[in-house]
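So the sequence lines, in the order shown, correspond to chains A and B.
Residue numbers in the first sequence follow our numbering, run continuously in steps of one, and reach 279 at the last position.
Residue numbers in the second sequence follow our numbering, run continuously in steps of one, and reach 545 at the last position.
The set of hints was computed from the structure by calculation and includes no laboratory data.
Hints may be right or wrong, so weigh each one.
[What the hints assert, rightly or not] List of simulated lysine-lysine pairs, BS3-like, C-alpha gap at most 30 Å:
no., chain 1, residue 1, chain 2, residue 2
1, B, Lys175, A, Lys101
2, A, Lys70, B, Lys212
3, B, Lys450, B, Lys399
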Amino acid sequence: MNIFVLMKRTFDTEEKIIIENGRIDEEGAEFIVNPYDEYALEEAIVLKEAHGGEITVVTVGEEEAEKELRTALAMGADKAVLLNMEDMDEAIDHYTIGEVLTAYFKDQEADIILGGNVAVDDGAGQVASRLAEGLQMNQVTTITKLDIEGTKVTIERDVEGDVEIVETSLPLLVTCQQGLNDPRYPSLPGIMKAKKKPLETIDFDDLDLDEEEIAAKTTTTDRFLPPEKGAGKILEGSTESQAQQLVELLKSEAKVI
Amino acid sequence: MNFELTEEQKMVAALARDFATEVIAPRAEEVDVQAAFPVETFLEMGKLGLMGIPFPEDYGGSGGDTISYTLAVEEIGKACGSTGLSYAAAVSLGAAPIYYYGTEQQKQDYLIPLAKGETLGAFGLTEPNAGSDAGGTRTTAVLENGEYRINGEKCWITNAQYARTIIVTAVTGKDERGRNIISAIIVPPDADGFTISSPYNKMGVRGSNTCELILDDVRVPAGNLLGDPAKGFKQFLHTLDGGRISIAALAVGIARGAFEKALQYSHERRQFGTEISSFQAIQFKLADMAMEIELAQNMVRKAAWLKDHNKPFTKEAAYAKLFASEMASRTCNQSLQIHGGYGYMREYGIERMLRDTKLMEIGEGTSEIQRLVIARQLGC
Chain A
23 MNIFVLMKRT
33 FDTEEKIIIE
43 NGRIDEEGAE
53 FIVNPYDEYA
63 LEEAIVLKEA
73 HGGEITVVTV
83 GEEEAEKELR
93 TALAMGADKA
103 VLLNMEDMDE
113 AIDHYTIGEV
123 LTAYFKDQEA
133 DIILGGNVAV
143 DDGAGQVASR
153 LAEGLQMNQV
163 TTITKLDIEG
173 TKVTIERDVE
183 GDVEIVETSL
193 PLLVTCQQGL
203 NDPRYPSLPG
213 IMKAKKKPLE
223 TIDFDDLDLD
233 EEEIAAKTTT
243 TDRFLPPEKG
253 AGKILEGSTE
263 SQAQQLVELL
273 KSEAKVI
Chain B
166 MNFELTEEQK
176 MVAALARDFA
186 TEVIAPRAEE
196 VDVQAAFPVE
206 TFLEMGKLGL
216 MGIPFPEDYG
226 GSGGDTISYT
236 LAVEEIGKAC
246 GSTGLSYAAA
256 VSLGAAPIYY
266 YGTEQQKQDY
276 LIPLAKGETL
286 GAFGLTEPNA
296 GSDAGGTRTT
306 AVLENGEYRI
316 NGEKCWITNA
326 QYARTIIVTA
336 VTGKDERGRN
346 IISAIIVPPD
356 ADGFTISSPY
366 NKMGVRGSNT
376 CELILDDVRV
386 PAGNLLGDPA
396 KGFKQFLHTL
406 DGGRISIAAL
416 AVGIARGAFE
426 KALQYSHERR
436 QFGTEISSFQ
446 AIQFKLADMA
456 MEIELAQNMV
466 RKAAWLKDHN
476 KPFTKEAAYA
486 KLFASEMASR
496 TCNQSLQIHG
506 GYGYMREYGI
516 ERMLRDTKLM
526 EIGEGTSEIQ
536 RLVIARQLGC
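With the hints as constraints, model all of the structure from the sequences given.
Structure below.
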């Protein structure tokens, strides 16, 4: 089975994020493999263990993303591909990434492509779906269970807390939701072997793409942190008067009723 | 010069950190209170390859270096001193001598299960009357009909009840100058006449398995001799040099844990209308703690680097062990002080760190012995 995993390098949202002049200060930020992509990678390893084959992990980014690709190789991917955007002069958004991936995958024979449900940085959940559209491939998002027999695929997906069961067939693109599996730790021998596994860098302009055509369709006008949480208010008096005050405040101050 | 860790080293540290945070730290209090050796943790560590970091893949290891190993010790020790000590002893004292001095057959038989984490290793050197004064060893091994007959007593031996392989030092004869020849011999724990018990009630690292070994006419094949029969003494000095780097790393780990808690607490605790972190009295403590941790960590890395590059590291390992262990006691003590009354309470985990780290000044050569080692290296 020819298995592909889409991976994004994101900053660690558990770390303190500093925004200056509408830009995230990357100097102080820790970077990680997007946690949802770890579900995708784990599922890929499970598929390989069951059906054999090869796992290629693909990312669109710059040279720094090699670190996260190596982590994916240490977890069990066989090959890594970096679609390098360093020479891109135009702005990049999800449309751009979708186009670059589509161009790359047109030359691949993927049986299954797995991605994360969303990335924890912008939470857009756009790229994988754009890729499936670009390739005219079946796609099922937010999956929590995956069974493959031959080319028949049975999937459970998370629908706002309910479960939907979908039957489809390979080739297929899925996006992985929490609950699908527990991503493994990269093993120590895996870490040592990762260095020797192939990591290929392809510049986006080697994919016959026109810079202006794939330029961002959106512009980011500002970035800001959510307002700081104010101090809480403790109501006093009898239970009855507290309830009255609360209703009053919900009406006048919070304006939610 | 390059102070940067390699990608592999960073990944090993990240793996150890994740595992320590998610698996080891939540068990730390119970391990301490119950004085319960965390067997399950070690089985999981074996599966991840942590038990075999500095050994080649051919012997079941992970093919990492000493620096990677110290990074793992640090992260594990930061989460739980007991687990960290058992880990450091298993790798540096239990498995390393077999890797360095074992025959090919001994490596196949004994090192592979140790490096894979299927069992733990133990190193029986200390005796009731001989610790760092190894020349005072009273345990004897007499060669008779192709077998060693071993008699003696060992104390404070880490991991022995969970070990399939115990290395025991014993006097096997006298050299031409009349001094004891000390050899190292591999003894299986189920040998007749071999009694292993854990009779100690310790101040700290309570979850590590500390044992008394009694050898009463224990017979093992002559082939169980480890390394050069006449150089047993030199061998275990080298083994201890390596072990000291790991104890130093463990001390750094414990100190980091105590420091992080102190820094966090100093931002949470308010007195006189402000965070206590705004008081210079607290700031100076935190500044000293952070600086000393960094200095100790650098010394540990340098000693490990020297070992990885096959350069002499005896003196640097002693520097690292001495400074890191005394630093960690100071740091844990100051962390407790910053926590005030809360630090004295068990639930905050600081008093445990202080109890745990005290051992770092004692085990694998006391601070006094480290000063002696350093002075000898200086030519005194």
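Each hint, compared with the structure:
Proposed proximity of B/Lys175 and A/Lys101 is supported: the alpha carbons are some 20 Å apart, at most 30 Å. This hinted pair checks out: A/Lys70 and B/Lys212 have alpha carbons roughly 20 Å apart, not beyond 30 Å. Under the criterion of a C-alpha separation no larger than 30 Å, the hint pairing B/Lys450 with B/Lys399 is inconsistent with the structure, at around 41 Å.
In this structure, only the earlier hint numbered 3 is contradicted, and the remaining ones agree with it.
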